[in-house]
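**Q** Sequence lines, in order, name chains A and B.
Sequential numbering from 1 applies to the first sequence in UniProt numbering.
Sequential numbering from 1 applies to the second sequence in UniProt numbering.
Rather than coming from a laboratory, the hints here were simulated on the basis of the structure.
From the three backbone atoms N, C-alpha and C, an ideal C-beta is built for every residue, glycine too.
Any given hint could turn out to be false.
One-sided and incomplete, this derived list gives chain A residues near chain B with beta-carbon spacing under 7 Å [unchecked claim]:
1. Arg38
2. Leu41
3. Gly44
4. Ser67
5. Ile150
6. Ser156
7. Ile164
8. Tyr168
9. Leu204
10. Gly208
11. Met226
12. Lys229
13. Ala246
Derived contacts from chain B toward chain A, CB cut-off under 8 Å, selection only [as the list claims (entries may be wrong)]:
14. Gly44
15. Glu185
16. Thr206
17. Tyr209
18. Trp232
19. Glu236
20. Val243
21. Pro250
Protein chains: 2
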Amino acid sequence: MSELDPAGAPAHEAMTAPPPVIVLVRPQLGQNIGKAARAMLNFGLTEMRLVAPRDGWPNPEAGPAASGADLVLDQARLFESVAEAVADCSQVYATTVRKRGVTKPVVTPAEAAMEMHAAPGRAAILFGPERSGLETDDVAIARAILTVPINPEFGSLNLAQAVILVAYEWSRGVALAQPPAVALEPPASQADLDGMIGQLETMLDTAGYFFPPDRVPATRRTLRTMLTKPGWTAQEVRTFRGVLSALANPRAR
Amino acid sequence: MSELDPAGAPAHEAMTAPPPVIVLVRPQLGQNIGKAARAMLNFGLTEMRLVAPRDGWPNPEAGPAASGADLVLDQARLFESVAEAVADCSQVYATTVRKRGVTKPVVTPAEAAMEMHAAPGRAAILFGPERSGLETDDVAIARAILTVPINPEFGSLNLAQAVILVAYEWSRGVALAQPPAVALEPPASQADLDGMIGQLETMLDTAGYFFPPDRVPATRRTLRTMLTKPGWTAQEVRTFRGVLSALANPRAR
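So here's chain A without its partners, still in its complex pose (with noise of 0.2 Å):
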């Protein structure tokens, strides 16, 4: 690990992704968020996101349960939203114990820090409240589900428990991890991807698509799913968008 600078961000950080993004997603204890820098900070993770934490922020007890872990409650960013919280990141996981009824990868957090070391652009893992973890429109923003294998008979991680894991891995990786031999394009930001989604979702309500109105919620998950899955890079991005205003406003040649 001598490759870890004070600040943990590898040396090397120039020709690989940079280090993930902790999303902790409507935390509900001071104490547990401070417990999740300390693990952090551990394998060199510095950036912490906090999307609507159920006390506010900052919170007086989550300092001394950091254990010295300062720097990263001190750079921790407040986000009103999990969208705007990932919108600058190009790979979304949600960490989830339980499988959900969402079609999406399920990977592994070693699988995870693999693809993160591989892949270029800022990934972001998103952690749910302590007690209930992420909701299903939370796991719909991702493009892929990390699952800690558990013991199937007594599956009990805590926040700290989740995160150190993950973190964990991410920095096994970074001693093993190459600069990919060829430069991918990463895949949009999710502001980008939102705002596709948005134009897809304008035309279809217009078009009546969105019938009935119970079962809309879930087709838009479906939609979102769909449209996720493909990490399209921004020029494909663009080019859906160049689509659907065809589609919206045809001209005769």
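Fit chain B to the supplied structure of chain A, relying on the hints for placement.
**A** What follows is chain B alone, placed relative to chain A:
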């Protein structure tokens, strides 16, 4: 992890080494003994041994902290010395964060896990007291030193976190030989895909999208590349065709 039975022992135990024993050497707080038990059971380890716990044993603070991992605490065995605790074990690892002035092999949790799965006989992993860690005499009993590769600028693993990383790595070794747990739906057939792309191209042609003529072949290739990239399932292809039909034939509601 389907090969784990409720007690966490691999079903193919007869063919491989038994799960390692976790030895807590002079642990201080009952709470931390409980947290270590919880960490162990998450990854299928059930055998805990306690060497001279500071506050005696049983300790009423251990149970609540174990969050349901009572079977680990109930079966925990008490010893007066490290030597007695590991007497039946054929591989002993001493977990330390810092390197000691002892000439022994130093392995990572991943390397230790591989060794434990490969070698016959029972392994024991020693963890020291929360505040001070293992003493030199404890380390001397071990055949190898197990060190978690940690951020050199911030090494702050607590006892349960060190235990969980070791247990996690052992558990990964169990699972590696197994097929993936989730079989994803296969991508749609090429014929389904061609039908979908044909439908889109017909609509785009009508909308005047393909212009100028000399760029049409390249544009078609770009669209095909984008739409084959996701590996959509047959159901997703049907959904996308439904989207296209809705856009082509809007209905007022």
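**Q** So, as I understand it, the hint says B/Pro250 touches chain A; can you test that by seeing if any CB pair is closer than 8 Å?
**A** holds, 4 Å
**Q** Does the interface hint hold: is A/Leu41 within less than 7 Å of chain B, judged Cβ to Cβ?
**A** This hint holds: A/Leu41 lies near chain B, its Cβ roughly 5 Å from the closest one there, short of 7 Å.
**Q** Could you check if B/Glu185 really has its C-beta closer than 8 Å to a C-beta on chain A?
**A** Hint holds; B/Glu185 Cβ to chain A Cβ min 7 Å, cut 8 Å.
**Q** Can B/Trp232 be said to touch chain A, with a Cβ gap under 8 Å?
**A** Constraint on B/Trp232 satisfied, holds at 6 Å.
**Q** Quick one, is the B/Glu236 hint okay against chain A at 8 Å, beta carbons?
**A** With a closest approach of 5 Å, the B/Glu236 hint holds.
**Q** Let me know if the C-beta of A/Leu204 comes in closer than 7 Å to any C-beta of chain B, holds or violated.
**A** holds, 6 Å
**Q** Restraint: A/Gly44 near chain B, CB-CB cut 7 Å. Satisfied or not?
**A** holds, 5 Å
**Q** Do the numbers back the hint for B/Val243, that is, is its least Cβ distance to chain A under 8 Å?
**A** holds, 6 Å
**Q** Is the shortest C-beta separation between A/Lys229 and chain B less than 7 Å?
**A** At 4 Å from the nearest chain B Cβ, A/Lys229 passes the 7 Å test, so the hint holds.
**Q** Given a cut of 7 Å on the nearest C-beta pair, is the interface hint for A/Ile164 held or broken against chain B?
**A** With a closest approach of 6 Å, the A/Ile164 hint holds.
**Q** Min Cβ distance, A/Ser156 to chain B: is it shorter than 7 Å?
**A** Holds: closest Cβ of chain B sits about 5 Å from A/Ser156, inside 7 Å.
**Q** Interface hint check: A/Gly208, Cβ to nearest Cβ on chain B, cutoff 7 Å. Holds or violated?
**A** Holds, about 4 Å.
Every hint from the earlier list agrees with this structure, and none is contradicted.
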